[in-house]
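Here's the letter readout for the chains.
There are 2 protein chains.
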Amino acid sequence: MPELRKDPVTGRWVIISTDRAKRPSDFVRDRVEIRGTGFCPFCYNNESKTPPEIMAYRSDGSARDTPGWSLRVVPNKFPALRIEGTLNRQGEGVFDKMEGIGAHEVIIETPDHRKTLAILSPREIEDVLWAFRDRIVDLKKDRRFKYVLIFKNHGDAAGASLEHTHSQLIALPVVPKRVLEELEGAAAYYHYKERCIFCDIIQQETQSGIRMTAENDAFVAIQPFAPRFPFETWIVPKVHRSSFEESAKPEYSQLALILKDILMRLDHVLEKPAYNYVIHTSPIPEPADDCYHWHVEIMPKLTKVAGFEWGTGFYINPTPPEEAARFLKEATVPVYST
Amino acid sequence: MPELRKDPVTGRWVIISTDRAKRPSDFVRDRVEIRGTGFCPFCYNNESKTPPEIMAYRSDGSARDTPGWSLRVVPNKFPALRIEGTLNRQGEGVFDKMEGIGAHEVIIETPDHRKTLAILSPREIEDVLWAFRDRIVDLKKDRRFKYVLIFKNHGDAAGASLEHTHSQLIALPVVPKRVLEELEGAAAYYHYKERCIFCDIIQQETQSGIRMTAENDAFVAIQPFAPRFPFETWIVPKVHRSSFEESAKPEYSQLALILKDILMRLDHVLEKPAYNYVIHTSPIPEPADDCYHWHVEIMPKLTKVAGFEWGTGFYINPTPPEEAARFLKEATVPVYST
Chain F
7 MPELRKDPVT
17 GRWVIISTDR
27 AKRPSDFVRD
37 RVEIRGTGFC
47 PFCYNNESKT
57 PPEIMAYRSD
67 GSARDTPGWS
77 LRVVPNKFPA
87 LRIEGTLNRQ
97 GEGVFDKMEG
107 IGAHEVIIET
117 PDHRKTLAIL
127 SPREIEDVLW
137 AFRDRIVDLK
147 KDRRFKYVLI
157 FKNHGDAAGA
167 SLEHTHSQLI
177 ALPVVPKRVL
187 EELEGAAAYY
197 HYKERCIFCD
207 IIQQETQSGI
217 RMTAENDAFV
227 AIQPFAPRFP
237 FETWIVPKVH
247 RSSFEESAKP
257 EYSQLALILK
267 DILMRLDHVL
277 EKPAYNYVIH
287 TSPIPEPADD
297 CYHWHVEIMP
307 KLTKVAGFEW
317 GTGFYINPTP
327 PEEAARFLKE
337 ATVPVYST
Chain S
7 MPELRKDPVT
17 GRWVIISTDR
27 AKRPSDFVRD
37 RVEIRGTGFC
47 PFCYNNESKT
57 PPEIMAYRSD
67 GSARDTPGWS
77 LRVVPNKFPA
87 LRIEGTLNRQ
97 GEGVFDKMEG
107 IGAHEVIIET
117 PDHRKTLAIL
127 SPREIEDVLW
137 AFRDRIVDLK
147 KDRRFKYVLI
157 FKNHGDAAGA
167 SLEHTHSQLI
177 ALPVVPKRVL
187 EELEGAAAYY
197 HYKERCIFCD
207 IIQQETQSGI
217 RMTAENDAFV
227 AIQPFAPRFP
237 FETWIVPKVH
247 RSSFEESAKP
257 EYSQLALILK
267 DILMRLDHVL
277 EKPAYNYVIH
287 TSPIPEPADD
297 CYHWHVEIMP
307 KLTKVAGFEW
317 GTGFYINPTP
327 PEEAARFLKE
337 ATVPVYST
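Keeping their order, the protein sequence lines are chains F and S.
Quick note on my numbering: the first sequence kicks off at 7 and runs consecutively.
Quick note on my numbering: the second sequence kicks off at 7 and runs consecutively.
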């Protein structure tokens, strides 16, 4: 019997379609393989082919926009939003619009074109996370921005246009709708229970164990109760904190370890799937300190979003999260530590 | 300069990325071609390969589940939801769930495997619309259902698993989140203005003409001000009405004509794209008579939804709707009448 499950944060219903239950091998898709053919603007010696770098991690004293970096942040060459200008909010009859002001940056995670985030060392992944933090802290100073979104598109099917491993950052002049929905859901729960919904989820999932996928000192990785997509995985810090960039120093190394572990497990079980991840964190001007709990959502790209999903905001998910958790837990992957 | 535009109904912001502006020919994609190879359960003589028919239009007095039909409605063989049972709402710690009760039906639009909806005759398309109406009217009697969603997935990229042209219907025990958002947005506008937002949009778009794509006695087809997708097209009845199934008889023939016209224009301009459409109509138990205005949303599948969209509920659209309207208006397609 299919089951309707409600996400306790957003209120989104999901159909867990057990009758069509799918094992990892049932998903028809392309493996994400690094081909390494053709010109790549993210490789060494091509620094002039991106806009000038915003920041880079360099241990050899090399000059800006030259080789020698281990991680590099540059403006997106084809930005969805522009950094210069004012919002200029205005109407057009019944409609509302403003200038597309914002920041759109690319975090090039390594100079090595052959690597994916999953196979970078924990230390290299930690640097990626520090770069996210450094950029958020800097962009928060710009009073025009209300939200900074960090995300990754890995593989063609997930919307990546360049294969050299990178994440993206977009700073926005409005708090996005999806973030507001989460904040409102978390606030409603907090006002009723006087507890954080994510803290309650961590407690329940840790006790039951059926959707737990991995755990370390600072984080749990779980399959959410009402996942939109097969093998959707959330990484949630154990200590309540509303904003990613305010994590304590050891948390970045712990996050690097659990993120690597989960990406390796997904690569193993789903044969190198395309995926997206998104860091869900508080808005800039009014962090929702008590109610909200930052976390990472990883969404392997295995199913197609179709008319039903567009019409309802519901999702049909053929893989119960309890089964996904079992497959991921049973995967044999190397163990890393800091 | 990119522009941020707000959908006045849902409040969803969209980035109209004029810097990346794309013409129809810039979208890399597969044409949807009918291959007609292999076994098809929706063709004549294969009626026993679907569950027994719920209804069919037959003018030759032929028997149920035999050839002779011009349109046939059957339960989905792999339904996302099941028709039998009770909802049995219950908790699981902090989580909420219920049985996956609902109806999931397939409307086989023609016995002719070679045809697409766009090339059916206006009269055949009108029959498809009457079938939608007949099924909604019937399912409304079941008190467990709160919403009936009608949608179509056309082409592999849009999630169609069978190429024989068909639409789908899902009756749901809850009003979907996306529908609630629309209803709430429309209600907020109505309470402030004492006018329907869709009626105001029709008036403004008819006057300005810049996003108007087609028009007949009963309907306008427009590119919405803040489209999520390139060439997204809405068909809206000129007379205010909250529910699709309560349309007057002549409106079904007018809708058939404008739907055919738009689908032919999309096929011409975008070279037979995959697409989804969704009928947006009122919930069953409490139709939002004054505030809400039913309509059809057609979404060609040209771009990929990636991390940014999942994280924000924002969309980046590289084709301004004014340009899309111009391309569609200029397309030369045959003119049909009833």
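The reader is advised that the hints may include incorrect statements.
Identical copies look the same in the list; a pair holds intra-copy or inter-copy alike.
Each computed EDC-like pair below joins lysine to aspartate or glutamate, with the alpha-carbon atoms no more than 16 angstroms apart [claimed, not checked]:
hint, residue 1, residue 2
1, K278, D36
2, K28, E200
3, K103, E9
4, K12, D102
5, K12, E105
6, K278, D32
7, K310, D162
8, K103, E328
9, K12, E98
10, K103, E132
11, K147, E252
12, K335, E190
13, K28, E59
14, K244, E221
15, K55, D71
16, K152, D71
17, K147, E90
18, K146, E252
What the hints contain is simulated information worked out from the structure, not anything from laboratory work.
In this text the structure is predicted, and so the values were computed from the model without any measurement.
Could you figure out if K335 and E190 sit no more than 16 angstroms apart (CA to CA) within one copy, between two copies, both or neither? Neither, since 32 angstroms and 42 angstroms both go past 16 angstroms.
Under a CA distance limit of 16 angstroms, which applies to K278 and D32: within one copy, between copies, both, or neither? within (14 angstroms within a copy, 29 angstroms between copies)
For K12 and E105, with the copy left unspecified, which applies at a CA distance of at most 16 angstroms: within, between, both, or neither? between (36 angstroms within a copy, 12 angstroms between copies)
Since the copies are identical, ignore which copy is meant and state whether K244 and E221 lie within 16 angstroms (CA to CA) inside a copy, between copies, both or neither. Intra 10 angstroms, inter 57 angstroms, cutoff 16 angstroms: intra-copy only.
Can you give me the call for K146 and E252, within, between, both or neither, at a CA distance of at most 16 angstroms? within (12 angstroms within a copy, 51 angstroms between copies)
Given identical chains, is K12 near D102, meaning Cα to Cα at most 16 angstroms, within a copy, between copies, both, or neither? between (32 angstroms within a copy, 6 angstroms between copies)
Should K103 paired with E9 be assigned to within, between, both, or neither, using CA atoms and 16 angstroms as the limit? between (41 angstroms within a copy, 7 angstroms between copies)
Cα distance capped at 16 angstroms. Does K310 pair with D162 within a copy, between copies, both, or neither? Answer is both; intra-copy 14 angstroms and inter-copy 9 angstroms each pass.
Pop the pair K278 and D36 into one bin, within, between, both or neither, using alpha-carbon distances up to 16 angstroms. Answer is within: at 8 angstroms inside a copy they meet the 16 angstroms cutoff, but 24 angstroms across does not.
Are the CA atoms of K28 and E200 at most 16 angstroms apart within a copy, between copies, both, or neither? neither (38 angstroms within a copy, 49 angstroms between copies)
Between copies, within a copy, both or neither: which fits K28 and E59 at Cα up to 16 angstroms? Neither. Shortest intra-copy (44 angstroms) and inter-copy (27 angstroms) distances fail the 16 angstroms Cα cut-off.
Taking 16 angstroms as the upper bound on the Cα-Cα distance, should K103 and E328 be classified as within, between, both, or neither? between (44 angstroms within a copy, 15 angstroms between copies)
Hint check: violations occur at hints 2, 10, 12, 13 and 16; the rest are consistent with the structure.
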